[in-house]
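Q: For reference, the chains in residue letters:
There are 2 protein chains.
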Amino acid sequence: MTPRTALRDPKQDRSRATRRRLLEAAVACLAERGWAGSTVAVVAERAGVSRGAAQHHFPTREDLFTAAVEHVAEERSAELRALPAPHGEGRVHTVVEALITLYTGPLFRAALQLWVAASYEEQLGSRVTALEAKIGRETHRMAVELLGADESVPGVREAVQGLLDMGRGLGLANLLTDDGHRRERVVAQWSRVLETILTPRD
Amino acid sequence: MTPRTALRDPKQDRSRATRRRLLEAAVACLAERGWAGSTVAVVAERAGVSRGAAQHHFPTREDLFTAAVEHVAEERSAELRALPAPHGEGRVHTVVEALITLYTGPLFRAALQLWVAASYEEQLGSRVTALEAKIGRETHRMAVELLGADESVPGVREAVQGLLDMGRGLGLANLLTDDGHRRERVVAQWSRVLETILTPRD
Chain A
1 MTPRTALRDP KQDRSRATRR RLLEAAVACL AERGWAGSTV AVVAERAGVS RGAAQHHFPT
61 REDLFTAAVE HVAEERSAEL RALPAPHGEG RVHTVVEALI TLYTGPLFRA ALQLWVAASY
121 EEQLGSRVTA LEAKIGRETH RMAVELLGAD ESVPGVREAV QGLLDMGRGL GLANLLTDDG
181 HRRERVVAQW SRVLETILTP RD
Chain B
1 MTPRTALRDP KQDRSRATRR RLLEAAVACL AERGWAGSTV AVVAERAGVS RGAAQHHFPT
61 REDLFTAAVE HVAEERSAEL RALPAPHGEG RVHTVVEALI TLYTGPLFRA ALQLWVAASY
121 EEQLGSRVTA LEAKIGRETH RMAVELLGAD ESVPGVREAV QGLLDMGRGL GLANLLTDDG
181 HRRERVVAQW SRVLETILTP RD
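Protein sequences appear in the order of chains A and B. If you're matching positions, the first sequence starts at 1 in the working numbering and goes up one per residue. If you're matching positions, the second sequence starts at 1 in the working numbering and goes up one per residue.
A portion of the hints provided could be inaccurate.
Derived EDC-like pairs (lysine to aspartate or glutamate); straight-line CA-CA distance at most 20 Å [claimed, not checked]: (1) Lys134/A - Asp178/B; (2) Lys134/A - Asp179/B; (3) Lys134/A - Asp178/A; (4) Lys134/B - Asp178/A.
If you want the footprint, here are the derived chain A segments under chain B, 3+ residues with CB under 8 Å [stated by the list, open to error]: (5) 14-25; (6) 31-39; (7) 127-137; (8) 140-150.
To be clear, the hints were calculated from the coordinates, so they are not data collected in a lab. For every residue, glycine included, the Cβ atom is placed at its ideal position computed from N, Cα and C.
Build the full structure now, drawing on both the sequences and the hints.
A: Take a look at the structure:
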């Protein structure tokens with residue numbers, strides 16, 4: 001059989017690299033300029049790609065930006081899953097800190113702009129709702145796994161959900177000003193609380 | 001002395017009523033159409049006020065929409081403060097539910113549109129940052145009071161802050177779909193948790 005590498009098509013590689021550049025430029029653009037300032041043309045220029053090539057990959061503006069948020073969300077999930085499982089004292093705090101960083105970077109800012117635009121832009125509505133649900137489920141699954149949470153214990157599922165809701169709220173609080181100092185103390189306190197919920201005493 | 005009522009100027013009353021109609025229309029407009037779709041002209045029409053009269057009250061678009069969010073936030077605070085202080089079992093749950101409703105109605109939707117627009121619209125930036133800080137402080141103070149929280153106890157301040165961050169996150173989760181059922185369970189669980197934090201056993 002022909003070795004697998006011999007099957008790689010340099011043209012396909014270039015196409016994949018272009019697609020990736022467009023997705024990353026789209027997320028940065030959404031995070032910085034909001035939906036109103038995010039067009040295919042602006043992203044193509046930022047990515048150094050012709051407008052025609054951009055439209056070949058993403059026929060509509062909605063295609064480009066929903067694909068971009070999905071792509072970056074998947075990358076962030078993969079990074080988190082690749083973290084070595086923390087052990088010992090402070091384990092919950094370490095995991096909670098890692099989860100909360102999902103909501104304080106450019107991905108959350110971009111996703112937020114998309115969610116908010118979807119609340120009034122009809123052509124975004126259903127696609128973004130589906131995407132939000134998918135990212136939400138995936139984040140929850142990852143949180144349960146990283147925390148080693150036993151969801152069969154009453155209240156544990158809701159505690160993990162509430163933690164992620166808090167993460168979203170902390171992300172929002174970080175949108176206009178650097179809220180890092182306050183956030184650190186909130187995260188420390190709720191990590192302690194979560195720890196007692198996850199490891200009930202007999 | 002002339003009785004107070006005789007001093008009331010019907011022209012001033014009309015002016016105040018016009019102002020109020022504009023503010024309420026502005027919040028509804030922001031919540032439904034986002035910043036991009038919210039102009040003074042659209043709000044004036046919705047309020048049944050001439051564009052000239054609208055501009056007399058609010059010279060700029062930024063004046064109108066920041067004043068609108070501030071006005072409605074003050075009204076909501078006044079309503080919450082007027083609630084009879086709940087007593088007995090389930091008290092914390094009742095208060096937490098009331099606080100969380102701050103984040104699931106049209107006021108939060110309108111404020112969210114304004115915060116998000118302020119992250120990329122320079123002329124909104126500093127005004128909205130100041131407004132957000134003011135509303136945040138006021139909400140925190142109200143939460144502490146309604147919960148009867150003793151912030152001199154270590155961790156209590158951060159617990160209340162985290163609760164309000166969670167409220168913001170729950171509001172965001174409710175933006176595109178009705179998240180009421182899930183929210184109810186999260187609120188019930190975190191109310192139980194908060195209760196144990198606020199009433200430490202000796």
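Q: A separate judgement is required for each hint: does it hold in the structure or not?
A: To see whether the hints hold, each was checked on the structure:
no.: 1; hint: Lys134/A - Asp178/B; verdict: 16 Å, holds
no.: 2; hint: Lys134/A - Asp179/B; verdict: 15 Å, holds
no.: 3; hint: Lys134/A - Asp178/A; verdict: 28 Å, violated
no.: 4; hint: Lys134/B - Asp178/A; verdict: 16 Å, holds
no.: 5; hint: 14-25; verdict: violated (count 0)
no.: 6; hint: 31-39; verdict: holds (count 6)
no.: 7; hint: 127-137; verdict: holds (count 5)
no.: 8; hint: 140-150; verdict: violated (count 0)
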